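Undergrad: Following the hints, put chains B and C in place on chain A, whose structure we already have.
Chains as they are written, first to last, in this note's numbering: chain A, 652 to 984; chain B, 6 to 333; chain C, -11 to 241.
Derived from the structure by calculation, the hints contain no laboratory data. Don't take every hint at face value.
[Said to hold, decoys possible] Derived lysine-lysine pairs resembling BS3-like cross-links, with alpha carbons at most 25 angstroms apart:
hint, chain 1, residue 1, chain 2, residue 2
1, A, Lys855, C, Lys134
2, C, Lys10, C, Lys56
3, B, Lys167, B, Lys194
4, A, Lys846, C, Lys134
These numbers were taken from a predicted model, which means no experiment stands behind them.
If you want the building blocks of each chain, they are given just below.
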Amino acid sequence: MTRQQILGWTQRNGLFFALAILIAIFSILSSRFLTVPNFTVILLQNAVIGLIVVPGAMLILCGLVDLSVGSVAVLSAVVFGQAMASGLGLPVSLLIGLAVGAAWGAFNGYLIAIQGFSPIIITLGGLAGARGLAEFVTQGYTTYGYGREFAFLGNGKLLGVPVPVILFAIVFLIGLHLWYRAPLGRHMIAVGGAKDTAAEIGIKVKLIPFWLYVASGLAAALGGLIIASQLDGAAVTIGTGMELEVLTAILLGGVSFTGGRGSLFGVLFGLLFVGVLSNGLVQVNVSPYFEQVAIGAALCGAAALDMFYQRLERLNVPVESEPIEAPQAGEAQ
Amino acid sequence: MVTKLRAVNRRNLMKLSGAGIAGAGIAWMGLPVLAQEKKRIAIAHPDRAADYYQGFMNAALKEAEKRGYEVLQSFSGMDPQKQLAEVNTWLASGIDALVVLALDANAMAPTVAKVHEQKALFISYANRIDGEDGFIKWADRDAGALLGAYAAKHIKEKLGGKGDVGFLTATNIQVVTDRIESTHEAILKELPDTKFFEATALNAPDGLKATQSLLQAHPEMKVLICCTDDGALGARSAYQNSGLAADNLLIAGFDGAKQNLNLIKARDPYLQVSMALDIGDIGRRVIDIPYQLWNGGPESETHVLQQYKLVGHETPTEDIDVILSVYA
Amino acid sequence: MSAPILELRALSKSFGPVHAVKTVSLAAHAGEVIGLIGDNGAGKSTLTRMIAGAIRPDQGDIIVNGQKEHFETAQDARRAGIETVFQTLALVPGLDIVENIFLGRELLVPGATGRATRTMDVAAMRRRVEEGYQRFGLNLPDMRTKVAALSGGQRQVVAIARAVLWGSGVVVLDEPTAALGVKQTELVLSFIERLRSHKVAVIFISHNMQHVMRVADRVCVLRLGRKVHDGPMSKLSGTDLVALMTGATIAAQ
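Chain A with its partners taken away, still in its complex shape (with noise of 0.2 angstroms):
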């Protein structure tokens, strides 16, 4: 193995191997923790931000960023509360909801895809603009009470299975393959670290992240119906700090928050260690001031390790290339 192959090594595996070490050290202090209803308890707390996370990750790796996602879904929950208490009925009062998302994405990649307007501050006027919304369609009055087929959504099972957590996997499945199987992948790094290059070789720079823009919108409201389903009311409080969770999740996982960077893989670790993280602090009964000083303190960890690894993987590339390439005095690259 040459350095560079055990540097990537652990630079692939190292967040696996903290979220080992850190589910060892819950298992030691607590008795309950590693148990087969508590992780899919873990599952089930992170299956919600897990879904948004996907397109989340992808748009990172463009280079773009959505931070509307949970005014979003409290924006898709409380009108599909609306569409119920006026008598839509449950399926259509579900695609309205879905098709707030739907539209509230294409209205961000529109504006950021197409016409080339900063991410951070349309999706930030999103952040605030969709909460409002959201306030003004209940006038504080929170609808509740959607009945048992809706239930299902958020609380049923499927073999024993959350079904939020089978939502989960269907969707990061579908993101595992257009990640390392599709096209797409290769495309949104293009994207991501070479838009001009891309853009000249013929890859589709706005429109892919226009539909991930959409996409995006689409986890959004799917996650905040489940979560009206959950609590059997679509609470003006659902996807509080929802943007920053999944935020955390990706940059954790290690995608450069710059793009053209990153693996959904370790966007999976990167989930389960924060969900991990909470749940084993309270399992232990750690005081509840401690879980935000945690969490902030892996993610500073997270990005030291990461510019870390960067600066060896330049430092590493001259040695390496020399013994292919005859004898190379350092050349400016």
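TA: Just chains B and C, lined up with the frame of chain A:
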């Protein structure tokens, strides 16, 4: 010909807009005169998403209409910094009274002096700020003592004197920490051996997740005290879908929110208690206190300690309806 | 002699009052390396961009394999079998060699499912590149090395290899050795020499005469938008080329 016509139009347009600007200027000059007749009261209520907000605001607006006051409403959310910035903006625009639910009582204290410099009134509610002109203090600690005693009784009578207690709390809001700490003390006074487990949650989605984690660690936990009614709703969903039996369960919250009161009224097996504030009374008083102070009152109190009412399954439905009427 | 793969007939292009290229004709045959040289402003880059489809000629025709072509975009030129490697190289540093070579034209698994699910045939792409490595004796690191980890010369070779592997009959290289050091230049030039035996016509644009003399079979000299010389490399010396480029004397045929 065409160009000439266009030129004329443009000149007309400029005349018109000039007149418009002049008109607007005159209107602006006239505005303070009008505004002086109607006193302006700014209400900084942080949690607009809360279920009780509308009930509170309805009562306040109704009272303001009666007294002929103009009411400004807050948009700061649960962020102490933002709340402070917003209050300062209001002060700069010249208000007559400031009514605040201070997220950070210490940070709000210097504002009182600024308000007095402008000869305006400072009214606080929920908690107290040094130097205020009037207040409606929520008796958070009294309520905690009440709920703690209730929970201790529940543990003694239904759970054989032994039972773990879970808290859903938040670490940075004084109202919340007062509520939980006092409940904690009251239970401990009756049952010194009780074990307590804490998790963070202010709202329903977080309450759901936190309770799911708590239940994995402590499936036998039967008592869960939530710092808000919204959080209690999330806890209820977690219990409901955990597959655990609902017998002898006690989920309690604070605020007296509509959905919680309705569930208690329907004798929901999960949700047992809401520590209800008289939301309508608070809304009325935040307008009434400035009125009393301005008109040489006090026909009614300007220094109020607002008690919570424990609404449980024993509470008659008619009494719950009275509290619910504020949401109508 | 066989029919040319690429033939330019009296191409002209003006930008306002400036005649950048005036009635230039040129024929390129398979297995031939044509050096296109000229001083700054001689019209090299305008000519290149017309061949690449980036700009359209005012007058004249571009004929590829006997077919008259009108390029609207760079993609049109590529489809007709003309690959142009600009100095920017159009490589994505975050992708490896195989991924870059197939970027935007990934091979999908054959059959309806492959098309419907957009599943890439990763093995086939690697195989194709592996073949290319052997056929051209490519002196490159493992094909799964990220382009970010390659030297300037290696990147140039990857960009040229991509053009050739895509089965283009004509490869236009725009200053491939500019900004490269001695060893890196050697890497690129030796690769271009090897292309000659693979039935590819290479148009090598440079203002470095040593490099042109080393690899070109034929040389074509532009001066002030006109072609002033077109003939076998072997008959010319460096001094002759300088003379042709600057117009100091009219060189003897």
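Undergrad: Decide, hint by hint, whether the structure agrees.
TA: Hint by hint, here is what the structure shows:
1. With a C-alpha separation of about 22 angstroms, the suggested pairing of Lys855(A) with Lys134(C) holds against the 25 angstroms cut-off.
2. For the hint linking Lys10(C) to Lys56(C), the alpha-carbon distance of about 20 angstroms falls within 25 angstroms, and the restraint holds.
3. Between Lys167(B) and Lys194(B) the CA atoms are separated by roughly 14 angstroms; this keeps the pair inside 25 angstroms, and the hint holds.
4. A distance of roughly 17 angstroms separates the Cα atoms of Lys846(A) and Lys134(C); the hinted pair therefore holds under the 25 angstroms criterion.
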